[in-house]
Amino acid sequence: MLELGLFYTSATVALVATVFAVTRYNVAHALIYLIISLLASAVIFYLVGAPFAAILEILIYAGAIMVLFVFVIMMLNLGSPGDGVEHQWLQPGMWIFPSILCLVLLAEIVYMLSSGDRMLQGKMIGPKQVGIDLFGPYVLAVEIASMLLLAGLVGAYHLGRKYLIDAREES
Amino acid sequence: MTEALTIPMEHGLLLASLLFLIGLLGVMVRRNIIVILMSLEIMLNACCMAFIFAGAHWGQTDGQIMFMLILSIAAAEVAVGLGLLLQVFRRFGSLDIDRASRMRG
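Protein chains in written order, with the working numbering: chain A, 73 to 243; chain B, 42 to 146.
Derived from the structure by calculation, the hints contain no laboratory data.
Being a predicted model, the structure only gives us computed values, none of them experimental.
Where a beta carbon is used, it is the ideal one built from N, C-alpha and C, also for glycine.
Zero decoy hints are in this set.
A short, non-exhaustive set of chain B residues, derived as facing chain A with CB atoms under 7 Å:
#1 48
#2 83
#3 93
#4 102
#5 108
#6 117
#7 123
#8 128
FRET-style restraints, in silico, Cβ to Cβ:
#9 B:69 / A:199: 36 to 42 Å
#10 A:220 / B:54: 23 to 29 Å
#11 B:132 / A:179: 44 to 50 Å
#12 B:133 / A:218: 33 to 39 Å
#13 A:87 / B:72: 21 to 27 Å
#14 B:142 / A:227: 21 to 27 Å
#15 A:142 / B:141: 20 to 26 Å
#16 A:207 / B:142: 44 to 50 Å
On the chain B side, residues computed to face chain A include the following (Cβ under 7 Å):
#17 56
#18 60
#19 63
#20 97
#21 105
#22 110
#23 124
Work the whole structure out from these sequences, hints included.
Structure below.
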């Protein structure tokens with residue numbers, strides 16, 4: 073029953089954060105809400121008994137992919153520079169709602185950790201089982217995914233390299 | 042391991058489809074390319090969530106394996122998408138996707 077409450081709480085956090093992520097004008101604020109939405113998804117994955125997927129969600133989605141977005145926002149130097157912008161960003165209204173959503177998720181995690189594993193007993197699908205299946209029947213899919221990542225790497229390098237060379241020629 | 046889930050699967054799938062819907066609305070409504078790419082990530086994440094719920098419902102690992110494959114697709118997609126975004130920004134000087142509505146052959 074408590075597990076259901078945790079699920080509905082994190083589902084609400086995920087939905088609210090996603091709506092805010094799509095409707096913000098400032099891209100950096102949208103990114104913060106998107107990260108919170110992904111963290112809430114990770115909590116949901118843990119609740120349904122997929123801890124490995126939850127860790128990957130945080131490591132790769134909220135970590136690696138969001139860092140790419142941050143890099144691009146920094147590279148394009150969006151928004152007007154100056155003290156006014158920073159003053160506007162440090163106003164409480166900008167960060168207090170994301171912090172509340174994060175604190176809700178943190179409270180859920182602390183509650184789950186303090187109550188031990190009894191809530192999830194007998195229905196966890198751990199990394200060992202996933203790894204055995206991943207490199208057993210699904211090994212061809214792993215190879216295809218690696219080729220896809222190689223293609224993505226080559227494509228991103230090609231597009232970004234042309235961008236850098238052209239920028240150098242123009243300057 | 043059958044019926045391993047205390048959370049009703051319908052509610053999980055409903056959450057996944059709502060997230061997918063929000064992402065789809067974001068792709069259709071917003072004109073900023075970065076936000077469109079982020080909405081695509083939301084949609085892929087919603088698909089992942091549906092797979093995870095299905096895998097947990099039947100107590101199989103296949104859901105998590107599909108999650109990992111979708112994750113690699115998302116990583117490749119966002120890398121190429123952000124490279125294209127840099128090109129669009131250099132060519133049109135803006136992130137507004139309507140500026141790029143005419144193709145130059």
